[in-house]
Structure formats: structure tokens, C-alpha cells
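Enquirer: Chains as they are written, first to last, in this note's numbering: chain A, 11 to 368; chain B, 27 to 416; chain C, 161 to 458.
For the record, the hints were derived by calculation from the structure and aren't laboratory data.
Possibly wrong hints are sitting among the right ones.
Unchecked claim - Calculated pairs, DSSO-like style, for lysine-lysine (alpha carbon to alpha carbon, straight line, at most 30 Å):
1) Lys-401/B <-> Lys-200/B
2) Lys-370/B <-> Lys-352/B
3) Lys-210/B <-> Lys-264/A
4) Lys-144/B <-> Lys-264/A
5) Lys-264/A <-> Lys-158/B
6) Lys-264/A <-> Lys-200/B
7) Lys-104/A <-> Lys-200/B
8) Lys-244/B <-> Lys-104/A
9) Lys-234/B <-> Lys-244/B
10) Lys-412/B <-> Lys-104/A
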Amino acid sequence: MQPESPRGGSPSLPSRLAGPAVSLALLAIILAIASFFAGDYLQRILIIIGINTILVVSLNLSNGFTGVFSLGHVGFMAIGAYTAAVLTLPVSLKVVNLPSLPHWLQQLALPFLPATLIAGLLAMLVAFLVGLSLMRLKGAYISVATLGFLVIVQVILVNWDQVTRGARTFAGVPPHSTLWNVWIWAVVAVYIVWRLGASAFGRDMRAARDNEVAALSLGISVLRSRLLAFCLSAFLTGVAGSLWAHFITSFSPKSFYFTQAFNIITMLVIGGLGSVSGSVIGVFFITVLSELLRNAERGFDLGVFRLPPIYGASQILMAVLFVLVIVFRPAGLLGGREIDVRAILRRLGAPRRGKGAA
Amino acid sequence: MKTRLAIVLVAAVALLAAGCGGKGGGNAIKIGMLYNMTGAQASLDAPSANGAKLAAKELNAAGGVLGKKIELVAFDGKTDAATIGNSATQLAQTDKVVAMFGFSDSDMTMAAAPIAAKAGVVFVTSGATSPKLPDQVPEYLYLACFGDNVQAAAAAEYSVNALQAKSVYLLIDKGMEYTLLLGKYFKERFVELGGKVVLEDNYQTGDKDFSAQLTKLKGLKAKPDLLFISSGPDDVGTIVKQVRDSGLTQPIMGGDGYDTPLLVEVAGAGAENVYFTTHSLIDADLGTDAVKKFITAYQAEYKNAPENAFAGLGYDTVKLLADAIKRAGSADPKAIRTALQATKGLAGVTGEISYQEGSRIPQKGVTVILVKDGKFTLAQEVVPQKVPTP
Amino acid sequence: MSALELLLQQLINAVSIGSLYALMAIGLAMVFGILRLINFAHGDLIMVGSYVALLLQVLGLPFPVAAVAGVAASTLAGLAMERVAYRPLRGAHEIAMLLTSFSVTIFLENLAIILFRPTSRPFPAPAVLRSVITMGQLRVAGLDLIAIAVTAVLLAALTLFVRRTNIGIAMRAASQDLLAARLMGINVNRVIATAFAIGSFLAGVVGLLWSARVGKVDPLMGFNPVLKAFVASVIGGLGSLPGAVLGAYVLGGLEILLQGLLPSGLTPYRDALVFAILIALLLLRPNGILGSTEKEKI
Numbered sequence: 011m012q013p014e015s016p017r018g019g020s021p022s023l024p025s026r027l028a029g030p031a032v033s034l035a036l037l038a039i040i041l042a043i044a045s046f047f048a049g050d051y052l053q054r055i056l057i058i059i060g061i062n063t064i065l066v067v068s069l070n071l072s073n074g075f076t077g078v079f080s081l082g083h084v085g086f087m088a089i090g091a092y093t094a095a096v097l098t099l100p101v102s103l104k105v106v107n108l109p110s111l112p113h114w115l116q117q118l119a120l121p122f123l124p125a126t127l128i129a130g131l132l133a134m135l136v137a138f139l140v141g142l143s144l145m146r147l148k149g150a151y152i153s154v155a156t157l158g159f160l161v162i163v164q165v166i167l168v169n170w171d172q173v174t175r176g177a178r179t180f181a182g183v184p185p186h187s188t189l190w191n192v193w194i195w196a197v198v199a200v201y202i203v204w205r206l207g208a209s210a211f212g213r214d215m216r217a218a219r220d221n222e223v224a225a226l227s228l229g230i231s232v233l234r235s236r237l238l239a240f241c242l243s244a245f246l247t248g249v250a251g252s253l254w255a256h257f258i259t260s261f262s263p264k265s266f267y268f269t270q271a272f273n274i275i276t277m278l279v280i281g282g283l284g285s286v287s288g289s290v291i292g293v294f295f296i297t298v299l300s301e302l303l304r305n306a307e308r309g310f311d312l313g314v315f316r317l318p319p320i321y322g323a324s325q326i327l328m329a330v331l332f333v334l335v336i337v338f339r340p341a342g343l344l345g346g347r348e349i350d351v352r353a354i355l356r357r358l359g360a361p362r363r364g365k366g367a368a
Numbered sequence: 027m028k029t030r031l032a033i034v035l036v037a038a039v040a041l042l043a044a045g046c047g048g049k050g051g052g053n054a055i056k057i058g059m060l061y062n063m064t065g066a067q068a069s070l071d072a073p074s075a076n077g078a079k080l081a082a083k084e085l086n087a088a089g090g091v092l093g094k095k096i097e098l099v100a101f102d103g104k105t106d107a108a109t110i111g112n113s114a115t116q117l118a119q120t121d122k123v124v125a126m127f128g129f130s131d132s133d134m135t136m137a138a139a140p141i142a143a144k145a146g147v148v149f150v151t152s153g154a155t156s157p158k159l160p161d162q163v164p165e166y167l168y169l170a171c172f173g174d175n176v177q178a179a180a181a182a183e184y185s186v187n188a189l190q191a192k193s194v195y196l197l198i199d200k201g202m203e204y205t206l207l208l209g210k211y212f213k214e215r216f217v218e219l220g221g222k223v224v225l226e227d228n229y230q231t232g233d234k235d236f237s238a239q240l241t242k243l244k245g246l247k248a249k250p251d252l253l254f255i256s257s258g259p260d261d262v263g264t265i266v267k268q269v270r271d272s273g274l275t276q277p278i279m280g281g282d283g284y285d286t287p288l289l290v291e292v293a294g295a296g297a298e299n300v301y302f303t304t305h306s307l308i309d310a311d312l313g314t315d316a317v318k319k320f321i322t323a324y325q326a327e328y329k330n331a332p333e334n335a336f337a338g339l340g341y342d343t344v345k346l347l348a349d350a351i352k353r354a355g356s357a358d359p360k361a362i363r364t365a366l367q368a369t370k371g372l373a374g375v376t377g378e379i380s381y382q383e384g385s386r387i388p389q390k391g392v393t394v395i396l397v398k399d400g401k402f403t404l405a406q407e408v409v410p411q412k413v414p415t416p
Numbered sequence: 161m162s163a164l165e166l167l168l169q170q171l172i173n174a175v176s177i178g179s180l181y182a183l184m185a186i187g188l189a190m191v192f193g194i195l196r197l198i199n200f201a202h203g204d205l206i207m208v209g210s211y212v213a214l215l216l217q218v219l220g221l222p223f224p225v226a227a228v229a230g231v232a233a234s235t236l237a238g239l240a241m242e243r244v245a246y247r248p249l250r251g252a253h254e255i256a257m258l259l260t261s262f263s264v265t266i267f268l269e270n271l272a273i274i275l276f277r278p279t280s281r282p283f284p285a286p287a288v289l290r291s292v293i294t295m296g297q298l299r300v301a302g303l304d305l306i307a308i309a310v311t312a313v314l315l316a317a318l319t320l321f322v323r324r325t326n327i328g329i330a331m332r333a334a335s336q337d338l339l340a341a342r343l344m345g346i347n348v349n350r351v352i353a354t355a356f357a358i359g360s361f362l363a364g365v366v367g368l369l370w371s372a373r374v375g376k377v378d379p380l381m382g383f384n385p386v387l388k389a390f391v392a393s394v395i396g397g398l399g400s401l402p403g404a405v406l407g408a409y410v411l412g413g414l415e416i417l418l419q420g421l422l423p424s425g426l427t428p429y430r431d432a433l434v435f436a437i438l439i440a441l442l443l444l445r446p447n448g449i450l451g452s453t454e455k456e457k458i
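Please put together the full structure from these sequences, using the hints given.
Expert: Shown next, in the form of C-alpha cells:
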């Protein structure tokens with residue numbers, strides 16, 4: 011992951027921190043500007059980007075790094091969302107909306123952070139139990155099985171009305187998600203996945219993904235690496251679910267079904283499987299683009315001519331884009347590589363360096 | 027790499043422009059219109075939007091309200107909560123609308139209404155019938171339609187009084203809030219009136235095959251007098267068709283989800299002897315004068331008859347808001363809210379709207395429709411004597 | 161209705177729906193066998209054929225003509241799909257192909273929403289497809305009998321095709337080892353195109369039967385069928401034609417039995433139970449019921 015410095019030998023600590031430090035500083039500045047000057051609309055967009063970043067980066071951990079193409083990850087998001095929402099809902103609302111809740115739960119109203127952590131842990135526990143059986147399967151069969159998992163979660167959510175209100179809207183969730191706490195989680199998630207990917211364990215995961223048999227012969231436990239990635243990614247996805255629930259403040263089981271799953275997978279693919287910075291770029295790109303298209307499709311007045319609203323055009327264009335990326339750049343926008351911030355800094359600092367490495 | 031970075035930056039700037047820009051107010055009263063023009067809800071919302079636009083056009087042709095034109099700022103919700111939230115935020119922050127309306131479903135409404143409330147602006151839902159909605163967004167969320175408890179009670183009373191039904195079979199879609207509540211309220215009122223439930227069964231939204239449920243029903247010893255099927259508009263045609271194909275001839279009863287051309291188109295002759303409650307009978311021959319005028323205008327504007335009563339609901343909602351603005355004497359959101367709460371006896375295509383003190387659900391009569399000879403006919407106008415509490 | 165009649169009727173229901181699933185699953189299995197591609201857009205081929213048949217009838221053409229045109233449209237759409245979206249990706253990673261098929265399906269669905277309006281539209285079908293045959297207390301839809309018959313005939317025809325014809329044998333070779341087949345001089349492009357053509361043809365036929373059964377069409381109608389077909393193929397063993405058929409009947413049977421025999425309190429859990437059984441099955445037989453049990457040799 012870390013390129014060698016031109017003088018040979020591994021880079022010193024300060025220069026290793028340069029890349030992340032610059033990125034973090036940039037992020038903090040953007041967030042500060044946004045929280046003071048940007049209106050509600052832009053803040054919403056930034057929060058959505060933040061939550062989507064967590065979702066995509068954690069999906070990348072499972073799909074990209076280990077090759078376990080999970081189609082049902084949204085199930086963990088649902089588990090996280092409902093768990094955290096039930097925990098943080100004020101007692102007065104619980105009595106009205108969830109009258110049949112067990113007494114101890116009904117009297118409980120937790121603050122945001124503990125509820126989010128519990129949500130993530132519960133999702134991780136479910137992932138562990140489910141993964142024990144699923145991670146042995148191969149290729150397309152894992153995908154079907156995870157799809158089955160999504161359906162099972164959906165059915166349970168729709169029918170366990172005492173806790174989830176079934177198909178009815180779960181409303182009144184306190185709006186705890188702010189620009190800052192969402193992005194702090196996003197940074198944490200990116201950091202975890204990045205470090206994991208760069209570690210020896212990450213190497214094992216990718217080895218198992220690329221050639222299962224060879225990896226086994228090298229003593230790498232394929233099952234263990236897949237399971238760990240699956241559980242960790244479920245934890246992060248569950249946290250994202252909690253953040254989402256406290257942003258949207260009202261939802262129902264169908265908010266966590268196929269449409270949402272496709273959205274996340276779209277962003278993952280366009281950014282590039284296996285590349286963490288690719289995921290972040292992919293999320294940003296897609297969210298911004300789809301908002302732009304959404305506003306554009308309402309029709310606009312160019313003075314000379316008027317374009318009438320064509321609702322649905324934005325979805326089509328996104329689908330076309332998706333096809334184009336898959337066909338022409340199947341490894342995603344970043345081609346599976348990571349952004350090398352240090353190289354960018356070097357280039358900026360010494361522009362007349364000749365044909366440097368990209 | 028550089029080109030990509032450039033594209034991303036340009037996009038971000040453009041987005042900023044879209045978010046921050048906004049045409050100057052000037053001579054129009056801006057009202058936000060939120061409907062799902064695409065996605066699963068479009069069959070109900072698109073006609074509502076059409077009705078709304080027609081009303082705005084008529085109002086403007088007659089001189090507008092308070093001397094200004096009504097401008098409907100429209101957004102497509104795409105049946106997606108995040109999109110709806112973003113759109114509502116744009117309406118409140120960028121377009122600075124004085125009121126918002128839309129949607130035929132509680133989930134969608136709940137995605138937008140809190141944002142409207144936070145901005146001090148009313149949200150009137152034209153078609154979401156859940157009576158629990160106003161409690162979830164205090165002071166600012168209004169319904170322009172009756173609540174499900176009202177239409178279910180009307181259905182129960184009609185079944186017992188007019189259809190002489192003593193026993194019923196219930197088939198409820200468990201995947202939608204609307205159908206769950208409707209079924210629950212119907213059962214409550216029907217049992218209260220002395221009726222008996224022989225079997226309560228269920229299905230999932232979008233199921234295409236009901237052979238198993240129907241076989242179970244036919245296997246019962248006690249045959250029900252009435253079949254109450256709580257279904258949304260997309261599934262009702264398929265269900266009714268299969269019910270009739272399986273040989274069951276009892277009358278079928280449902281809610282306003284049946285108010286769609288699909289019922290007769292898909293079920294064909296099977297739709298005979300089907301009853302349902304809805305907001306009004308949209309029929310050029312049998313409707314009220316207001317309905318006839320509405321149909322003519324709609325036909326002229328959109329080249330086809332109103333698809334269902336939801337078109338009328340959208341129309342009435344705009345007229346309702348315009349009336350409130352007129353009585354408020356200004357386009358101030360707070361004044362509009364006070365005037366809206368004071369609405370009494372406003373006649374519309376879908377009935378008369380009045381809000382009692384402290385209630386944001388109108389007391390509206392229920393129209394019971396019977397399908398006869400492939401057409402919707404008026405069975406009875408019912409005002410329920412007793413309504414289950416939400 | 162006696163208990164026996166009840167059981168028989170449910171059995172008839174299961175076989176009826178199983179036949180439709182079978183036709184869908186075979187189409188999917190044909191393509192997977194050779195390309196290892198799960199074509200999610202298969203469902204949209206069902207949708208395309210149905211809409212073409214619908215629109216031609218609306219224009220006044222009689223049902224038989226519209227039906228043939230619908231099936232032809234599906235076949236052509238499938239071939240176009242192969243040529244445009246999948247051929248450039250030949251040899252790519254399994255995941256990339258799965259994602260491509262997702263994107264094709266999203267594209268087609270949204271296109272249909274814009275062209276045909278998002279609401280459902282009724283599907284006119286001739287009387288024979290809407291008839292109901294009674295045998296005492298039991299009822300069978302004429303349409304279901306036709307579906308069963310069509311499934312049987314097509315399965316027999318396909319089996320003959322892959323056993324006896326040159327191109328059929330070439331297809332079997334390609335599904336065993338694509339590279340080796342190519343090295344043996346088989347025109348792989350033609351073989352794949354044929355597989356797609358047959359699969360899409362089947363999708364067109366299913367589209368007609370399914371639309372007549374449900375009574376309406378809508379742009380998203382293909383999604384659920386393709387999911388069922390996918391599950392059916394996995395149950396029976398991906399890539400195997402008899403497996404697809406077996407899996408389809410097992411799936412149909414499970415659905416009907418669970419819906420019919422479970423108490424009303426538990427029937428909402430039907431889909432969850434079906435999938436739980438699927439997962440359990442995969443753990444016991446990771447390659448499906450008819451899939452090979454041999455371990456992968458290196």
C-alpha cells in the first residue's frame with residue numbers, strides 16, 4: 011500500500027502520516043464550512059454521502075476483499091436501524107407506538123452512541139451465526155443464500171409487530187444524526203477497512219478471493235478470513251443503519267429491501283471493488299450526480315427553450331452510466347487501486363518533475 | 027485523473043448552484059407539491075398530481091388568489107424516503123413555499139411532513155388515509171381525505187345493514203400499513219355489530235398466486251356471507267379474478283384501494299358484485315355536479331378520464347389550500363395554518379371538508395360503490411354511526 | 161371438500177405454479193450453463209414480450225399474431241442483450257457479469273417505466289386461456305394445463321436438442337469447458353447466441369402465460385419471476401436443465417404447501433421458511449439437488 015520513497019527503504023512515520031493527515035484536514039475544513047454556511051439541503055447531502063460511505067466501504071470489505079458477493083447486506087442495515095431506533099425512542103412514544111414491548115425494553119431509552127454500538131454488535135452477532143453456515147458455500151450460491159437472508163430479515167421485520175410495528179411506519183425516531191457524528195463514524199469505518207486491507211490479514215483475504223485452492227495450500231484459513239470480514243462489515247453496516255434511522259426519522263421494512271441493496275451495490279461497483287478510496291469517490295460521485303440529475307429532470311428554463319420535466323430520466327441515466335462503467339471500466343473508476351495522496355502532494359510540490367509516475 | 031477531478035469539482039459547484047439558487051418570489055404564491063411520479067406509488071400519485079395541476083390552472087385562470095398566481099413547485103419523490111426528504115428540504119429552504127401537499131401513502135408523508143413542520147409550513151396529504159398520521163406530526167400535518175377507521179366503519183355498517191352479512195372471511199395484505207389498518211378497523215366494527223369472522227388469512231403485497239389461500243377458504247365447513255379483502259390497487263384485480271375463477275360467488279368488499287380502473291380491466295366479469303368504499307364516485311352520468319364538471323375539465327386537459335378518485339383528491343387539496351390562503355388574507359404560513367384549521371363546509375369533488383376543533387382529519391362522508399355491468403355505480407353514501415378509535 | 165380433495169387441489173395448484181417457474185428456470189439455466197452468468201435481466205425479457213403482445217392487441221391485432229410477435233420480441237431482445245452487454249465481458253470475473261446483468265435490468269426497467277407509464281395495464285387474453293375446468297370439487301385453470309403441457313413438450317424438445325443436434329452437443333461441450341470447446345473448433349459465439357436465443361424464447365412464452373394468469377403487466381413484472389427462477393435453479397443445481405425443472409417444482413410445491421398447511425398466524429413467514437429451507441439444502445448439497453457431489457479436483 012505504501013509506495014517506497016525515491017531514496018529507497020520504507021518511508022518514515024511523518025511522511026506516512028502525510029497522506030491521511032492531509033485528507034482528514036481537508037475533510038474537517040469542508041465539514042466546518044458546511045456546518046456554518048451551508049443550508050439544510052446541502053447538509054443533508056453531506057450526511058447522505060457520509061452514511062453511504064460507511065455502507066459502501068463496509069460492503070467492499072466483504073464483497074471486494076474476500077470475493078463473497080453478499081446481496082443481502084442491507085439486512086444488517088435493517089437490523090442496525092431497528093435495534094437502535096427501538097432503543098433510542100423516547101419512553102412516551104414507545105408506550106403509544108409499541109405497546110406490546112416487553113416491560114424492561116419499554117422503559118428503556120438509551121442515548122445515541124450506546125444504542126448505535128449495540129445495533130452494530132447485534133448485527134455482527136447475527137452475521138456470525140449466519141456466516142458460520144453461509145461462508146462455506148461457493149460463488150453464486152453464497153449470493154443466493156445472502157439474498158435469502160435478506161428476505162428472511164424482511165419477513166421477520168414485517169411480522170414481528172410487537173417490536174417493529176410490522177409493515178407500519180416506524181416514526182418519531184429522534185434526529186440524532188448530525189454532520190459531525192456521521193462523518194466521525196465514516197472516518198472510523200474507512201480507517202478500519204483501510205488498515206485491514208493493508209495488513210497481512212488483508213493479504214490473506216485477497217489471496218483467498220483470487221484463488222481459494224492456492225490460499226488453502228498456503229495455510230490460509232479461507233473460512234476464517236471470510237467470516238471475520240463478513241462480521242466486521244456487518245458491524246459497520248449496522249452502525250450505518252442506526253445513523254440512517256436517526257437521519258430519516260421514519261421508515262418501514264421496505265426501506266431496507268432490494269432497491270436499497272441495488273443502490274449500494276451500484277455505488278460500490280462504480281467506485282471499484284477492492285479499492286477503499288475508490289469506494290469513497292464512488293459514493294461522492296454517484297450521490298452528487300444523482301442529485302444533479304434529479305434537479306435537472308424537473309425541467310429547466312434556458313431562456314431560449316424550456317425543457318419539460320421528464321420524471322424517471324435520472325434513474326435511466328444512472329443505469330446507463332452503470333452499464334458503461336461495467337463494460338468499459340469494469341474495475342471501477344479507480345481501477346481497483348488506491349489514491350496515492352503522497353504522490354499527488356509530491357507532484358503538486360514539484361510540477362516540473364518530468365514524466366513522473368501517476 | 028485530472029479530468030476526473032475536474033468533472034467532480036464542476037459537478038459539486040453545479041450542485042451548490044442548484045441547492046442555493048431559486049427564482050425570485052415576485053408575483054406568485056408558491057406551494058410545494060410532492061408526489062411519486064415514478065416508482066411503485068405512481069399509479070395513485072400521478073393522477074393526484076394531475077388533479078392538483080388542473081385546480082391550480084383553473085384558479086389562475088380566474089385571477090389567482092389574493093391577486094397573485096398560484097405556482098405549484100413540483101418534485102418527484104421517486105417512492106424513496108431520502109429523495110423525499112431532500113425534496114422537502116429544498117422546498118422549504120430554497121423555494122420557500124408557504125404550504126406543501128402530496129402523497130397517498132403514510133410512509134411517504136412521514137418522510138416529508140416533519141421537515142415541513144420544522145419550517146413552520148403545513149403539509150396536507152391528499153391521499154394518505156391513516157388516522158394516526160396527525161398525531162405523529164403535531165399541528166402541521168393535515169389530511170384532505172377521510173381516515174381508514176372511517177371508511178372501514180362505513181364498510182362494516184353497510185355490510186351488516188344493507189348486505190345482511192352475518193359472517194365474513196378476511197384476507198389482509200400484511201405488507202402495507204394501509205391494508206393492515208383497514209382490515210383491523212373493519213374487523214373491530216363488524217364484530218361489534220354482531221358479525222362473525224369465519225377465517226382470517228393473509229398474503230404479501232405483490233403476491234400473484236392465491237390458490238393456496240382460496241383452497242383453504244373453500245375447504246371451510248362454514249361458508250361466509252361476505253369476503254372482505256384488504257388490498258392495494260395493484261393486487262386487487264388479480265385477487266378478485268382468482269377468487270371468482272375458483273368458484274366463489276359471495277359479494278366482495280374492500281377499501282379505496284379498489285378505486286382503480288385495473289379492478290374491472292383485470293378481473294373482467296369477476297368484478298361483478300364487488301363493493302368498496304371510496305372518496306367519491308367519479309362518473310360522468312352518476313356523479314354530483316361538481317364531479318361532472320371535474321371530469322369534463324380533466325378530460326379536456328389530459329385527454330383521458332380521471333383514473334380514480336385520487337385525481338379528485340389532488341384537485342380538492344389545492345382548492346382547500348387556496349381557500350385557506352384567501353381566508354387568511356395573506357401568504358404567511360402561520361396564518362394559512364390557522365385559516366386551514368378553521369375550514370368549514372368546503373365543497374369539493376370528493377365531498378365536503380370541515381375540520382373540527384383540535385382535529386386535522388376532515389369529517390367526510392364515505393361513498394360505497396358497487397361494480398355492476400362492468401361499471402362503478404353508487405351503492406350508498408354512508409356516514410358511519412360509530413368509528414373505531416385509531 | 162374432503163381432506164383428500166383439499167390435498168389434491170393444493171397439489172394441482174403446486175404443479176401449476178411449478179410449471180411456470182420451470183419454464184422461467186430453464187431459460188436462466190441455459191445461459192448459466194455456458195457462461196456462468198446469472199442473467200437478472202431475464203425477467204425483463206419476460207416483460208418485453210408481454211408488453212409487445214399487449215400493445216399489438218391494443219392496436220387491434222388478434223391474439224395469436226400478437227403472441228408470436230411477443231415471443232419474437234423477447235428472443236430478439238435477448239440476442240441484442242448478449243451482443244451488446246455480455247459479449248464484451250466474455251471471460252471476465254463472475255462478479256462483473258452479475259453486476260452487468262443488474263445494470264441491464266435496471267436500465268430496461270426504467271426505460272419501460274418511461275415508455276409505458278409506471279402503472280399496471282390489463283392484459284387481454286383469449287377465452288381458452290381464461291377457462292376453468294371442473295372435476296367435481298376440483299378446479300384446474302385451462303391456462304395451467306397449457307403451462308404444464310408446454311413445459312413437458314419444451315423440456316423433451318430441449319433434451320433431444322442437446323443430445324442429438326450438432327449445435328446442442330456443442331452447447332453441452334461449451335458448458336463443460338468453454339476454452340476447450342473453442343480449441344476444438346466450436347464457434348463459441350454462435351453457441352452462446354443460440355443459448356441466449358432459446359432462453360429468451362422461453363422467456364417470451366413464460367411472459368404470455370404469466371401475464372394471462374395474473375391478468376396484467378407492469379414494468380417491474382419481471383423482477384419477482386426471475387428471483388423465483390434463480391432460486392429454483394439453485395435448488396435443482398445451477399446449470400443443469402433437469403435440475404432447473406426439479407427445483408422449480410420443489411419451489412412451487414414448498415410455497416403452496418406452506419401457504420396452505422401452515423396456520424394463518426404463520427403463513428406470513430412462508431417466504432422466510434422457503435429461503436431457510438433453501439439455505440439448509442445448500443448446506444447439505446452445496447451444488448443443488450442434482451448438482452455434482454464430487455469435490456473440486458485440482
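Enquirer: Run every hint past the structure and note whether it holds.
Expert: Tested hints:
no.	hint	in the structure
1	Lys-401/B <-> Lys-200/B	holds, 29 Å
2	Lys-370/B <-> Lys-352/B	holds, 14 Å
3	Lys-210/B <-> Lys-264/A	holds, 21 Å
4	Lys-144/B <-> Lys-264/A	holds, 26 Å
5	Lys-264/A <-> Lys-158/B	holds, 19 Å
6	Lys-264/A <-> Lys-200/B	holds, 12 Å
7	Lys-104/A <-> Lys-200/B	holds, 22 Å
8	Lys-244/B <-> Lys-104/A	violated, 41 Å
9	Lys-234/B <-> Lys-244/B	holds, 19 Å
10	Lys-412/B <-> Lys-104/A	holds, 28 Å
Hint 8 from the earlier list is the only one contradicted by this structure; the remaining hints agree with it.
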